[in-house]
Each structure stands twice: as C-alpha cells, then as structure tokens.
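Going down the list, the sequences are from chains P and F. In terms of our numbering, the first sequence has 92 at position 91, counting the first letter as 1, and numbering is strictly consecutive. In terms of our numbering, the second sequence has 419 at position 103, counting the first letter as 1, and numbering is strictly consecutive.
Don't take each hint at face value.
Unchecked claim - When the alpha-carbon atoms are kept at most 30 Å apart in a straight line, the in silico DSSO-like pairs for lysine-lysine are as follows:
| hint | chain 1 | residue 1 | chain 2 | residue 2 |
| --- | --- | --- | --- | --- |
| 1 | P | K53 | P | K42 |
| 2 | F | K381 | F | K325 |
| 3 | P | K23 | P | K41 |
| 4 | P | K42 | F | K338 |
| 5 | F | K325 | P | K37 |
| 6 | P | K45 | F | K373 |
| 7 | P | K41 | P | K20 |
| 8 | P | K41 | F | K325 |
| 9 | P | K37 | F | K381 |
| 10 | F | K373 | P | K37 |
No wet-lab data here; the hints were simulated from the structure.
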Amino acid sequence: DTAVSQTPKYLVTQMGNDKSIKCEQNLGHDTMYWYKQDSKKFLKIMFSYNNKELIINETVPNRFSPKSPDKAHLNLHINSLELGDSAVYFCASSQRLGRTDTQYFGPGTRLTVL
Amino acid sequence: AQRVTQPEKLLSVFKGAPVELKCNYSYSGSPELFWYVQYSRQRLQLLLRHISRESIKGFTADLNKGETSFHLKKPFAQEEDSAMYYCALSPPGETGANNLFFGTGTRLTVIP
Numbered sequence: 002d003t004a005v006s007q008t009p010k011y012l013v014t015q016m017g018n019d020k021s022i023k024c025e026q027n028l029g030h031d032t033m034y035w036y037k038q039d040s041k042k043f044l045k046i047m048f049s050y051n052n053k054e055l056i057i058n059e060t061v062p063n064r065f066s067p068k069s070p071d072k073a074h075l076n077l078h079i080n081s082l083e084l085g086d087s088a089v090y091f092c093a094s095s096q097r098l099g100r101t102d103t104q105y106f107g108p109g110t111r112l113t114v115l
Numbered sequence: 317a318q319r320v321t322q323p324e325k326l327l328s329v330f331k332g333a334p335v336e337l338k339c340n341y342s343y344s345g346s347p348e349l350f351w352y353v354q355y356s357r358q359r360l361q362l363l364l365r366h367i368s369r370e371s372i373k374g375f376t377a378d379l380n381k382g383e384t385s386f387h388l389k390k391p392f393a394q395e396e397d398s399a400m401y402y403c404a405l406s407p408p409g410e411t412g413a414n415n416l417f418f419g420t421g422t423r424l425t426v427i428p
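Hey, can you work out the whole structure from these sequences and the hints?
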C-alpha cells in the first residue's frame with residue numbers, strides 16, 4: 002500500500018523517559034510534517050521538512066528533535082517526556098512545499114505519559 | 317498571526333437535511349483554505365480546497381473574503397457524512413508556506 006505509516010500506534014511511558022516515533026512515506030514526496038493533536042482535538046503543526054531539511058519549527062520545545070535520515074522518513078524523538086506531551090502525533094507528507102499541495106496523513110500515534 | 321475558527325464543536329442534523337459547517341479565518345493576506353475530514357477509525361484526509369472550486373461527495377465551500385469565511389455546505393446530508401471536519405489555512409508567501417493551521421474541528425453527526 003502506498004501511504005504514510007507511523008510506528009508505534011500506541012505508546013505509554015513514564016515521565017522523564019525518552020521515546021521516538023517513526024514515520025515513513027512511500028509516496029515519493031519531498032516534504033514531511035509532524036502535527037500534534039491535543040485532548041481537545043486541536044491539531045497543530047510542529048515541524049516541516051523539505052528534502053531532509055528543516056523548514057519550520059513552530060515554537061516546539063527543544064526536547065522534541067525531528068530527524069530525517071532520508072526523504073522518505075521523518076522520525077520524532079522526544080527527551081524527558083512530560084505529562085503535557087500526552088497527545089496524538091500525526092505525521093504527514095506532500096509532494097512539494099507548495100501551498101496547494103495536498104497533505105497525506107499517517108494514522109497517528111497516541112502517546113500517553115504517566 | 318493566522319487563526320482559524322470553527323465555532324461549532326458538535327453539529328447534529330437529520331439525514332436529508334442541509335448541513336453547513338462554519339469556518340472563519342483571520343489573516344491579512346490571501347491564504348489557501350482547505351477542508352480536511354476524519355471518518356471514524358480512518359486517517360485525516362483532504363476533502364476539498366478552495367482553489368479547486370470543486371464539489372466532493374456533494375460538499376462545496378465558497379471563500380468569502382469580505383466575511384473571511386470558508387463554510388462547508390451540503391444540501392442533503394447522508395449518514396456516511398458523520399465525521400470530524402477540520403478547516404485549515406495555508407499562509408502565503410512564507411518559507412514553509414505549506415504548513416497548515418487547523419481550526420479546532422467540528423464533529424458532524426447525521427441522524428438516520
């Protein structure tokens with residue numbers, strides 16, 4: 002299947018731990034994104050990468066560090082997890098960085114910090 | 317700063333009734349506007365974008381620059397339209413201009 006995939010689907014961990022969420026797209030897209038959806042279903046952009054290069058960081062704490070080993074992958078590493086990090090994290094990709102390019106979303110990773 | 321407002325968190329309509337999901341935006345420019353939908357147990361996906369002026373699954377949305385609105389409409393709601401709907405904006409002329417800024421979403425329930 003051609004799609005955006007994320008692993009794991011669910012992640013439960015203790016405060017203070019470090020965890021990673023992986024994202025892969027096999028659509029041949031140049032641009033990838035991370036979004037955070039909080040408990041009130043508010044969806045907010047965190048990062049965007051174009052051709053492995055960070056384009057935007059929307060005031061996300063330094064504890065969040067995206068890594069793009071190649072155009073098809075954009076992983077999210079989170080250090081020193083806090084309760085407020087509990088959310089659903091969505092990865093997305095688009096063909097290019099154009100304003101009208103459709104973004105294709107992954108299924109989401111539900112992170113619960115205890 | 318750009319902002320997208322969806323005033324209704326929940327909206328219920330009967331099958332066959334018209335439906336309108338409201339979206340207002342505040343941005344001093346010409347943003348691109350989109351509607352994304354998330355059906356139960358499915359991923360978020362694009363429904364339509366204003367630049368295409370298209371009708372998808374019977375839905376249309378007209379950009380009203382005077383009222384800064386981009387309301388989503390369908391004349392006859394179907395049960396399969398029940399989903400979470402997000403209005404989104406992409407600002408113009410900036411690096412990373414494909415970043416989408418989402419409203420808080422409206423959960424539409426179509427009652428049989």
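Here is how each hint holds up against the structure:
Distance check on the hinted pair: P/K53 and P/K42 sit about 28 Å apart at the alpha-carbon level, within 30 Å; holds. With a C-alpha separation of about 23 Å, the suggested pairing of F/K381 with F/K325 holds against the 30 Å cut-off. A hinted pair counts as satisfied when its Cα atoms are at most 30 Å apart, and P/K23 with P/K41 qualifies at roughly 24 Å. At most 30 Å may separate the alpha-carbon atoms for a hinted pair to count; P/K42 and F/K338 meet this at roughly 17 Å.
A C-alpha spacing of about 18 Å is found between F/K325 and P/K37, which places the hinted pair at or below 30 Å, so the restraint holds. Proximity of P/K45 to F/K373 is assessed by CA-CA distance (about 26 Å); at most 30 Å being required, the pair is judged to hold. With a C-alpha separation of about 23 Å, the suggested pair P/K41 and P/K20 falls inside the 30 Å cut-off, and the hint holds. For a cut-off of 30 Å, the pair hint linking P/K41 to F/K325 stands: about 10 Å separates their Cα positions.
In summary, the hint linking P/K37 to F/K381 is supported, as the alpha carbons are separated by about 29 Å, within the 30 Å threshold. At most 30 Å may separate the alpha-carbon atoms for a hinted pair to count; F/K373 and P/K37 meet this at roughly 28 Å.
Comparing the model with each earlier hint shows no violations; every hint is respected.
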